[in-house]
Amino acid sequence: MSSWYFSHLTLIQGMLISIPLALSVQIALRSGVFSFASIGFYGVGAYGTGILTMRGWPVLPAMLLMIVASGVVAYLMSAPLIRLRGLYLGMVTFAFDLILTVVATNGGELTGGALGLLGVPLGMGTGGLLAAALVAIVLVSQLERRSVGRALVGIKASEELVMSVGVDLKSRKRTVFAISAALGALSGSLYVSTFSTVSPTSAGFTLIITTLTMAVIGGTSSWIGAVIGTVIITWLPTMAATIGEYQHLVYGVVLVLVVMYAPEGVLGALRWLWRRLAPKVRMARPSGGAALAATGPPGGPPPDRGAEAEAEPVPADRVKG
Amino acid sequence: MTHATARTPEKPAPAAAVPSLDVRDAAVNLGGVKALDGVSLTVESGRLYGLAGPNGSGKSTLLAAISRLLDLTSGSILVGGEDIMRRSPFQVARMGLARTFQTVRLMPQFSVLENAMLGADQSVYGSSFLRQWLMPWWTRSREARVRARAEAALERLHLMDLRDQPPLSLSYGVQRKVEIARALTAEPRLLLLDEPTAGMNRTERDEIGELLLRLRNEGVTQVLVEHDLKMMVDICDHLYVLDSGHLIASGRPTECIREPKVVEAYLGRGRRAAA
Amino acid sequence: MTQQMINGAVLCAVYVLFSLGLTLSWGALDVLNLAHGALMMFSAFTAYVVTQHLDLPLALLFVIGVGTAGVCTLLLDVIVFRHIRAKVADKRQSELLTLIAGVGAAGIPVTLAVAYTHDSPFGIGHLDWSSYSLGGGAQISTIQIVIIALGAVLCTALALWVSRTRTGRALRAVAFDGETAELMGVNTRALSAVTMLIAGSLAGLAGMLLVIYLGALTPGSGEPFMLKGFAIIILGSVGSVWGTAIGAVVLAATETVVISQTSGTWVDAISFAIILLVILLRPQGVVGKGLAERV
Ligand SMILES: Nc1ncnc2c1ncn2[C@@H]1O[C@H](COP(=O)(O)OP(=O)(O)OP(=O)(O)O)[C@@H](O)[C@H]1O
Ligand SMILES: [Mg+2]
Chain A
1 MSSWYFSHLT
11 LIQGMLISIP
21 LALSVQIALR
31 SGVFSFASIG
41 FYGVGAYGTG
51 ILTMRGWPVL
61 PAMLLMIVAS
71 GVVAYLMSAP
81 LIRLRGLYLG
91 MVTFAFDLIL
101 TVVATNGGEL
111 TGGALGLLGV
121 PLGMGTGGLL
131 AAALVAIVLV
141 SQLERRSVGR
151 ALVGIKASEE
161 LVMSVGVDLK
171 SRKRTVFAIS
181 AALGALSGSL
191 YVSTFSTVSP
201 TSAGFTLIIT
211 TLTMAVIGGT
221 SSWIGAVIGT
231 VIITWLPTMA
241 ATIGEYQHLV
251 YGVVLVLVVM
261 YAPEGVLGAL
271 RWLWRRLAPK
281 VRMARPSGGA
291 ALAATGPPGG
301 PPPDRGAEAE
311 AEPVPADRVK
321 G
Chain B
1 MTHATARTPE
11 KPAPAAAVPS
21 LDVRDAAVNL
31 GGVKALDGVS
41 LTVESGRLYG
51 LAGPNGSGKS
61 TLLAAISRLL
71 DLTSGSILVG
81 GEDIMRRSPF
91 QVARMGLART
101 FQTVRLMPQF
111 SVLENAMLGA
121 DQSVYGSSFL
131 RQWLMPWWTR
141 SREARVRARA
151 EAALERLHLM
161 DLRDQPPLSL
171 SYGVQRKVEI
181 ARALTAEPRL
191 LLLDEPTAGM
201 NRTERDEIGE
211 LLLRLRNEGV
221 TQVLVEHDLK
231 MMVDICDHLY
241 VLDSGHLIAS
251 GRPTECIREP
261 KVVEAYLGRG
271 RRAAA
Chain C
1 MTQQMINGAV
11 LCAVYVLFSL
21 GLTLSWGALD
31 VLNLAHGALM
41 MFSAFTAYVV
51 TQHLDLPLAL
61 LFVIGVGTAG
71 VCTLLLDVIV
81 FRHIRAKVAD
91 KRQSELLTLI
101 AGVGAAGIPV
111 TLAVAYTHDS
121 PFGIGHLDWS
131 SYSLGGGAQI
141 STIQIVIIAL
151 GAVLCTALAL
161 WVSRTRTGRA
171 LRAVAFDGET
181 AELMGVNTRA
191 LSAVTMLIAG
201 SLAGLAGMLL
211 VIYLGALTPG
221 SGEPFMLKGF
231 AIIILGSVGS
241 VWGTAIGAVV
251 LAATETVVIS
261 QTSGTWVDAI
271 SFAIILLVIL
281 LRPQGVVGKG
291 LAERV
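Protein chains in written order, with the UniProt record's numbering: chain A, 1 to 321; chain B, 1 to 275; chain C, 1 to 295.
Because the hints were derived from the structure by calculation, they are not lab data.
Treat each hint with caution, since some may be false.
Stated by the list, open to error - From the structure, some residues in chain A lie toward chain C, with a derived Cβ separation under 7 Å:
hint, residue
1, Pro80
2, Leu87
3, Ala95
4, Leu98
5, Val102
6, Ile209
7, Leu249
Stated by the list, open to error - Subject to a maximum C-alpha distance of 25 Å in a straight line, what follows is the list of computed SDA-like cross-link-like pairs (lysine to any residue):
hint, chain 1, residue 1, chain 2, residue 2
8, A, Lys170, B, Arg142
9, C, Lys87, A, Arg271
10, A, Lys170, B, Met135
11, A, Lys170, C, Leu276
12, B, Lys230, B, Ser45
13, A, Lys170, C, Leu277
14, A, Lys170, B, Leu30
15, C, Lys91, A, Gly86
16, A, Lys170, B, Thr73
All values reported here derive from a predicted model rather than from experimental measurement.
All C-beta atoms, glycine included, are put in the ideal place defined by N, C-alpha and C.
Go ahead and model the full structure; you've got the sequences and the hints to work with.
Spelled out as structure tokens, the structure:
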């Protein structure tokens, strides 16, 4: 056991580091916010923590500073951003990730240019990584519970709906944006103080692919999906030794296939299974079956529903918030 | 039942010093179409108003404007005497306004009960995000209260048997009932209903009609949009009729629908003549 | 000065070609294809791979390169994007899935190129073009003339196609309201196929011209181009051909000035600055929806 542990230590550490990042994307997508910004904040966290610790800061304060700063910056940035319509938000946050690569490459001595930072002091044990991942999981899972959870899922279902029940949509979206950024920064900080290096490409396009794959393959409807996805994507390359340099190609293909055929991811598949099995389980119990019988006339909405949908004068586009 | 008993004894319909809702010269342009054009109307507390009109006459637009989901091009709207034109939709909701949508808006991931609970979240939990997020011990008792309110509302709509179902597995009419339940869970003072009975059969409609009357007697002010004119005549205290964005009639329902203008609006164009 | 204007014009022409493809699919089909930049790179890469094995004339290489990007984009639409559009009724959700699928799809050409070239620059030769002196030390080469001419001609042609032809009008109808257009007898499938083929081919053309003009591209060359494409689209408003042209002129001019004044390392940041400025100063364009004049 322990020899297995030591020979796979890098993977285990990588997995724990990726969990907050996958969660950061998951909470954004779960609330219907098209944002890739947290992946940029991963870079901010990694470079920031690296630069600070190389200048003598202790690891924890440096990490905390970067996480808090990222959250605050993201909150401020989000004011104009959350007003953007979906595709524009996706575009701008994607651009944000790409531009950080440029900044890192041209940051001179501070960022170490194209090579990036080397020899960042190590400051994270596996225990620390585990603790950080657990904290991230707990915080994110609490976002899915009770009133907060309902409001965030509501945003995805219909922004007009959540506003009409008294949820301050703007502030909720901004908060999600900030939390997502802080999680990204956390992940980046963990990375740099575990592997002691970061380069401009490590927060670039390939990271977007990897992270999206993690979040989407597991299923964005819950933190569990992000964790499942992270586990799968971390261990996939070791299962199939041939993947090697084609890793991101495989991720790309997997991502496309999942989006096409199972947009709810592994979690969605599990839920679907459960739904098929659950009635049988309930039938087995004496009392539960009656509930189903009372359902009104079966079948979907009447055919004119599409036409009505058009008639309503509050399309998502013109909604103010 | 909590809903009914909690409200009626202490709160008889307040004497209508200030109208619950006051729409003044409201106009809305949607992509060149004048969806509303100089509409003025008042809604007094504790009464049930009908808003009728043929398809495309601007009924939903007016409800959207009142709930602030849509900006007026000109004019103003007052709720309880207060101008709401600078308020956000969520602030208007917090003033005690709840609504249903013409196109059902339910969260497919959640059960019927959870969908209904969304309506009460704001008034029970308040707006502090951090508390709701990070203080499970604080939210526990509130969650129970929200659940009780949602269950009471579901009870009123006879939906308790379906509480654990995912809403998309239900028929359209039942989904509409869930929407109404969600609005009731908010325990609103002003309730806007956009075609709540579309897709329902006669019996179900009558049930909803009775429910609205009971709500009225509990002091809830309501604005009801319906294509079922018979239902409007049966239950409404007052009827407003829109046509092409103009208010063409206002008055007691029975008299209102006989006015030539209204007859023309409905029959003259051969739309929904049978209603 | 003259030299800088020529350089700027070449840059502008490449930007126009690249961005027109991006904006066309977004404006007409609500597809923001995040694989557009990767496919631009891939066209040059395919041509490069071909030159490693065969000795083909340049024209044929162009056909191969442009065709690759065009066909790949078409396939992406037919196999992936269309599937998502058909399956997911909710507009927002389908846009989001399309966006993610685009990122995934972009991973494929980029990884192939990285693996084949070991992440190093590649070119397809054809570097010796005759130059003409314009006086004052300024020179213009044949390839520069070709690029500028192609940019101008294709941009004009596309604008005319959209505004004058029946297909173009159908395209605008689809952009305005896809379902109604379909009811009116517009074959939206064929139309979206044509649009995506054109969009991809434009990316391919930009890639081919760029690799010849610059001498080499890298597997990562598509990413900064996405930034530039975004900036141009957001400046010129989505779906508008002339807007795209104007956006490209503005970006190319700014970049040319910055390159001449500084060491040029920050040139890619200009695009981002433009994006931010537009969002902060002129948000109507990006928040609302310029319905009628979208294509
Ligand atoms: N998003 C929109 N863009 C442009 N015009 C719109 C939009 N939504 C509605 N309209 C137009 O505004 C007018 C009023 O529409 P509204 O939905 O308010 O009518 P309604 O009375 O609710 O009709 P219905 O009985 O069909 O629900 C109609 O002419 C409609 O075509
Ligand atoms: Mg309506």
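Original post:
Looking back at the numbered hints, which does the structure fail to meet, lowest number first?
Top reply: none
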